[in-house]
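Modelling step: build the complete structure from the supplied sequences, incorporating the hints.
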Amino acid sequence: METKTEKFPETENFGRKKRDTITKIIFIMEIKNFTITKRDGSKDRFSLDKIMNAIVKAFESVNEPAELGTISKIISHLDIQEDIKVEDIQNQVEEALMREGFYKVAKSFMLYRQAHSEDRETLAKLQFLSEYCDSVNAATGSKYDANANVEHKNIATLIGELPKSNFIRLNRRLLTDRIKKMYGKQMADHYIDMLTHHFIYKNDETSLANYCASITMYPWLIGGTISIGGNSTAPTNLKSFCGGFVNMVFMVSSMLSGACATPEFLMYMNYFIGKEYGRDYYKRVNEQADLSLKKRTLDKVITDYFEQIVYTLNQPTGARNYQAVFWNVAYYDKYYFESIFGDFYFPDGTKPDWEGLSWLQKRFMKWFNQERTKTLLTFPVETMALLTTKDGEPMDAEWGEFTAEMYSEGHSFFTYMSDNADSLSSCCRLRNEITDNGFSYTLGAGGVSTGSKSVLTINLNRCIQYAVNHKMPYLQYLGEVIDLCHKVQLAYNENLKELQSHGMLPLFDAGYINIGRQYLTIGINGLVEAAEFMGLQITPNDDYLHFVQGILGLIEKYNKQYRTKDVMFNCEMIPAENVGVKHAKWDREDGYFVPRDCYNSYFYVVEDDSLTILDKFKLHGAPYIEHLTGGSALHMNLEEHLSKQQYQQLLKVAAKEGCNYFTFNIPNTVCNDCGHIDKRYLKECPHCHSKNIDYMTRIIGYLKRVSNFSQPRQEEAARRFYATA
Amino acid sequence: MKYVNTGIVFQEIPDEVTLAINISNCPCRCPGCHSHYLWEDIGIPLNTDAVDAFVDQFGSDITCIAFMGGDAEPKGVEQLAQYIHEEHAAFKVAWYSGRIRMPAGIDKTDFDYIKLGPFIRHLGPLKTKTTNQRLFRKRPDNTFEDITARFWEK
Numbered sequence: 001m002e003t004k005t006e007k008f009p010e011t012e013n014f015g016r017k018k019r020d021t022i023t024k025i026i027f028i029m030e031i032k033n034f035t036i037t038k039r040d041g042s043k044d045r046f047s048l049d050k051i052m053n054a055i056v057k058a059f060e061s062v063n064e065p066a067e068l069g070t071i072s073k074i075i076s077h078l079d080i081q082e083d084i085k086v087e088d089i090q091n092q093v094e095e096a097l098m099r100e101g102f103y104k105v106a107k108s109f110m111l112y113r114q115a116h117s118e119d120r121e122t123l124a125k126l127q128f129l130s131e132y133c134d135s136v137n138a139a140t141g142s143k144y145d146a147n148a149n150v151e152h153k154n155i156a157t158l159i160g161e162l163p164k165s166n167f168i169r170l171n172r173r174l175l176t177d178r179i180k181k182m183y184g185k186q187m188a189d190h191y192i193d194m195l196t197h198h199f200i201y202k203n204d205e206t207s208l209a210n211y212c213a214s215i216t217m218y219p220w221l222i223g224g225t226i227s228i229g230g231n232s233t234a235p236t237n238l239k240s241f242c243g244g245f246v247n248m249v250f251m252v253s254s255m256l257s258g259a260c261a262t263p264e265f266l267m268y269m270n271y272f273i274g275k276e277y278g279r280d281y282y283k284r285v286n287e288q289a290d291l292s293l294k295k296r297t298l299d300k301v302i303t304d305y306f307e308q309i310v311y312t313l314n315q316p317t318g319a320r321n322y323q324a325v326f327w328n329v330a331y332y333d334k335y336y337f338e339s340i341f342g343d344f345y346f347p348d349g350t351k352p353d354w355e356g357l358s359w360l361q362k363r364f365m366k367w368f369n370q371e372r373t374k375t376l377l378t379f380p381v382e383t384m385a386l387l388t389t390k391d392g393e394p395m396d397a398e399w400g401e402f403t404a405e406m407y408s409e410g411h412s413f414f415t416y417m418s419d420n421a422d423s424l425s426s427c428c429r430l431r432n433e434i435t436d437n438g439f440s441y442t443l444g445a446g447g448v449s450t451g452s453k454s455v456l457t458i459n460l461n462r463c464i465q466y467a468v469n470h471k472m473p474y475l476q477y478l479g480e481v482i483d484l485c486h487k488v489q490l491a492y493n494e495n496l497k498e499l500q501s502h503g504m505l506p507l508f509d510a511g512y513i514n515i516g517r518q519y520l521t522i523g524i525n526g527l528v529e530a531a532e533f534m535g536l537q538i539t540p541n542d543d544y545l546h547f548v549q550g551i552l553g554l555i556e557k558y559n560k561q562y563r564t565k566d567v568m569f570n571c572e573m574i575p576a577e578n579v580g581v582k583h584a585k586w587d588r589e590d591g592y593f594v595p596r597d598c599y600n601s602y603f604y605v606v607e608d609d610s611l612t613i614l615d616k617f618k619l620h621g622a623p624y625i626e627h628l629t630g631g632s633a634l635h636m637n638l639e640e641h642l643s644k645q646q647y648q649q650l651l652k653v654a655a656k657e658g659c660n661y662f663t664f665n666i667p668n669t670v671c672n673d674c675g676h677i678d679k680r681y682l683k684e685c686p687h688c689h690s691k692n693i694d695y696m697t698r699i700i701g702y703l704k705r706v707s708n709f710s711q712p713r714q715e716e717a718a719r720r721f722y723a724t725a
Numbered sequence: 726m727k728y729v730n731t732g733i734v735f736q737e738i739p740d741e742v743t744l745a746i747n748i749s750n751c752p753c754r755c756p757g758c759h760s761h762y763l764w765e766d767i768g769i770p771l772n773t774d775a776v777d778a779f780v781d782q783f784g785s786d787i788t789c790i791a792f793m794g795g796d797a798e799p800k801g802v803e804q805l806a807q808y809i810h811e812e813h814a815a816f817k818v819a820w821y822s823g824r825i826r827m828p829a830g831i832d833k834t835d836f837d838y839i840k841l842g843p844f845i846r847h848l849g850p851l852k853t854k855t856t857n858q859r860l861f862r863k864r865p866d867n868t869f870e871d872i873t874a875r876f877w878e879k
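Those protein sequences? They're chains A and B, same order as listed. Sequential numbering from 1 applies to the first sequence in the numbering used here. Sequential numbering from 726 applies to the second sequence in the numbering used here.
For the record, the hints were derived by calculation from the structure and aren't laboratory data. As the structure is a prediction and not an experimental result, all values here were calculated from the model. Each hint should be verified, as a subset may be incorrect.
Unchecked claim - Once the Cα atoms are required to be at most 30 Å apart in a straight line, the calculated DSSO-like pairs of lysine-lysine come out as: (1) 683/A <-> 852/B; (2) 125/A <-> 585/A; (3) 50/A <-> 125/A; (4) 854/B <-> 691/A; (5) 153/A <-> 656/A; (6) 374/A <-> 852/B; (7) 679/A <-> 833/B; (8) 854/B <-> 683/A; (9) 691/A <-> 833/B; (10) 366/A <-> 351/A; (11) 644/A <-> 852/B; (12) 366/A <-> 852/B; (13) 283/A <-> 181/A; (14) 863/B <-> 374/A; (15) 644/A <-> 863/B; (16) 727/B <-> 644/A; (17) 656/A <-> 362/A; (18) 854/B <-> 644/A; (19) 800/B <-> 644/A; (20) 295/A <-> 283/A.
Unchecked claim - Which chain A residues face chain B? A few, computed with CB under 8 Å, are given here: (21) 63; (22) 609; (23) 613; (24) 643; (25) 687.
Think of the CB as a built atom: it goes at the ideal place given N, C-alpha and C, for glycine as much as any other residue.
Listed below in structure tokens is the structure:
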């Protein structure tokens with residue numbers, strides 16, 4: 001080390017006399033070309049002055065004399081190296097002060113640091129606040145989990161954004177504390193390391209609540225909302241059902257971070273309509289049913305209730321940072337209905353009536369499709385459950401045909417098809433094995449209750465590239481990552497159990513959600529990109545299939561291995577509305593191969609125009625999705641609507657390929673000038689001929705105006721290939 | 726007769742899921758043609774073996790096989806249509822011809838759908854109401870109906 005004798009500049013606290021003494025201690029350090037790393041990562045020239053000033057100030061603040069010899073001694077303890085971080089220098093100062101016995105001074109120094117770090121945090125928040133106010137929309141302004149389910153940015157959405165970083169810190173702390181207890185500090189550190197280096201991603205870290213659930217409304221039907229902290233008693237008539245339903249969904253959603261599915265909604269509504277107007281009400285819907293001057297027909301009474309419920313639930317919600325609730329509903333064909341509700345009894349001892357429900361389901365779909373030409377309504381996300389024969393024909397021909405008819409009329413919804421009623425998708429995409437179709441007088445229908453407690457996602461593209469670059473077999477490396485994910489999820493589960501034991505999770509206690517039917521979910525992202533890195537073609541071919549099966553099969557192996565009678569795991573190709581963009585950005589910054597700006601949420605490449613519609617069904621067919629026990633959804637992006645006959649044929653193709661969950665996605669056109677909404681994908685408004693138009697399409701699982709998407713997602717949407725059918 | 730590529734299409738033949746086979750060496754030379762690449766005599770031989778391979782590949786995923794072009798060899802197109810009807814009876818057969826009328830000696834009942842008419846720019850494609858092109862569908866009694874209006878529906 002070079003000895004320093006150069007002149008030290010005059011400072012506020014040290015006069016010329018003292019300077020000579022200082023030069024004595026400086027010889028231990030290289031000053032001239034020393035650089036330090038500032039908090040924002042930038043480099044600066046090292047300045048001994050600043051350190052000395054801070055130490056002197058700390059002495060003065062507790063009225064201790066700042067003797068030059070003392071200061072020198074403290075500084076001589078410091079081990080300053082090239083590019084040292086400011087925090088590390090400060091840590092060393094604290095230790096040095098204590099080593100010399102200046103505990104009061106050290107405390108003052110720490111408090112001073114803390115006050116500054118709080119100031120910096122506030123400053124950062126202030127900066128975020130002004131950037132958020134200037135951002136083009138709420139999703140783009142969001143720093144942590146951009147979400148297009150917020151239509152307008154305003155004071156309410158800003159209030160929701162500000163504490164997000166604190167939630168992330170809190171959640172990480174809760175989880176790592178638990179991991180330490182269960183598996184030791186090394187595992188906890190490893191988790192944080194994998195998380196901060198973006199090998200894995202913890203979904204919904206900005207919320208404390210468990211993720212999503214498909215609920216049974218039976219406890220509400222029997223006892224109202226009292227058991228979950230509300231004050232309403234059980235619904236007794238159509239009016240109290242419809243009003244109470246909305247409140248109940250708001251309450252349930254405020255205790256979930258993700259979606260809330262109510263697969264029994266129409267079945268219960270049918271029951272209450274029947275109680276009021278007779279079980280065969282659907283035969284008399286054109287009769288007058290009200291004595292008001294409006295002389296409404298029964299059909300109008302029913303659709304007015306649809307309107308009340310759907311419009312209310314599409315409102316921004318105060319308790320959810322101004323997001324609407326992620327409400328999902330399900331429709332059934334006759335066979336699914338019988339399988340799921342065959343043993344069901346209402347409180348009055350009657351059984352659900354298929355004929356009435358069948359009418360009501362159709363009425364709701366037709367009404368909702370029409371209503372969407374008046375207003376951009378996102379919720380409910382709908383799933384049609386169809387049972388098919390082994391050769392792909394819908395068992396319930398009437399509902400198979402109706403499904404095709406609704407698609408051809410431009411309605412956008414998901415279809416779940418299975419040749420066995422042993423599984424169901426009811427919550428966006430979440431698929432569950434129906435293990436218990438039984439009916440219980442306390443819990444209602446068993447088949448509808450499912451959900452995911454927590455999602456932990458593996459960034460496959462980074463993991464596989466890391467393994468290959470380090471000459472490791474990638475499946476072996478992935479195995480280690482997957483194992484870590486399972487341990488972390490078990491730790492999460494313990495925290496959830498603790499919350500429950502303190503009465504913090506009434507949805508579970510009251511039976512809306514059956515904790516035994518909730519999954520811990522391993523998410524995947526970057527699968528297609530990893531395959532491209534391995535040089536594979538993203539088409540239906542054996543090499544790609546082998547790659548997919550190898551990875552997903554491995555995850556399933558661990559899912560089974562970690563399954564106990566209390567915990568179940570599943571694997572889901574996550575929608576990645578926000579993280580698909582982040583992974584691409586992070587991986588690119590760290591020098592990985594990144595073929596596009598937003599990782600795919602499908603087995604095909606969204607911008608690829610060479611794949612046929614049939615290829616896409618194949619790529620989401622049984623061999624590919626076999627191990628995706630938690631589900632994936634094929635989004636068949638089309639430029640134009642097809643005819644009913646063509647959709648019928650495609651339903652057959654889907655069934656034959658074993659593609660069990662899909663939707664057709666044809667962007668709807670919204671005119672920014674006259675407000676006209678058209679079900680077609682147009683370049684100009686057919687009403688006022690304006691070219692100032694916007695589109696409504698599925699960002700991921702739900703329909704939104706493209707202008708509500710975050711900036712990077714808007715760019716992804718623009719690259720999407722909509723097949724010229 | 727050769728073809729350049731194929732596609733799964735939905736708009737060309739209403740209500741069908743169609744395998745469209747794009748045939749080269751097109752003699753029509755319509756000004757404003759969207760498929761200039763089909764003017765040259767290029768591509769892969771289109772014969773009964775090729776048809777069998779398509780049927781193997783797509784099976785019951787498709788409902789109709791359409792010959793797009795082939796006006797240089799109408800007889801060849803007709804023979805393939807007959808072959809499909811005999812050997813793979815589940816599929817309907819369509820022909821997109823650029824000619825103004827069916828060529829002499831071709832039995833139109835060998836096809837389930839026939840599109841006639843060259844592309845004339847100022848009259849527009851099938852989607853515009855002023856189009857000169859016509860799409861016909863065979864009825865069960867082997868007569869043909871003009872279903873061009875299907876392209877004009879909303």
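Checking hints one by one. Is residue 63/A an interface residue toward chain B, by the C-beta closer than 8 Å rule?
85 Å, violated
Restraint status (C-alpha distance of residue 854/B to residue 691/A at most 30 Å):
23 Å, holds
Should the interface hint for residue 613/A be scored as holding, given a Cβ-Cβ cut-off of 8 Å against chain B?
5 Å, holds
Hinted pair residue 679/A and residue 833/B, Cα distance within 30 Å:
At roughly 37 Å apart (the allowed maximum being 30 Å), residue 833/B and residue 679/A break the hint.
Could you grab the alpha-carbon distance between residue 854/B and residue 644/A and see if it respects the 30 Å cut-off?
23 Å, holds
Within a Cα-Cα threshold of 30 Å, do residue 863/B and residue 374/A meet the stated pairing?
40 Å, violated
Given pair status - residue 181/A, residue 283/A, alpha carbons within 30 Å
63 Å, violated
Taken at face value, is the distance from the CA of residue 852/B to the CA of residue 374/A at most 30 Å?
27 Å, holds
Is the Cα-Cα distance between residue 644/A and residue 863/B 30 Å or less?
20 Å, holds
Answer holds if the nearest beta-carbon of chain B is closer than 8 Å to that of residue 643/A; otherwise answer violated.
At 5 Å from the nearest chain B Cβ, residue 643/A passes the 8 Å test, so the hint holds.
Between the alpha carbons of residue 366/A and residue 852/B, is the straight-line distance 30 Å or under?
Given that 30 Å is the threshold and the Cα spacing comes to 28 Å, the pair holds.
Pairwise hint evaluation, residue 644/A against residue 727/B, where the allowed Cα distance is 30 Å at most
33 Å, violated
Checked against the numbered hints above, the structure breaks hints 5, 7, 9, 13, 14, 16, 19, 21, 22 and 25 and satisfies the rest.
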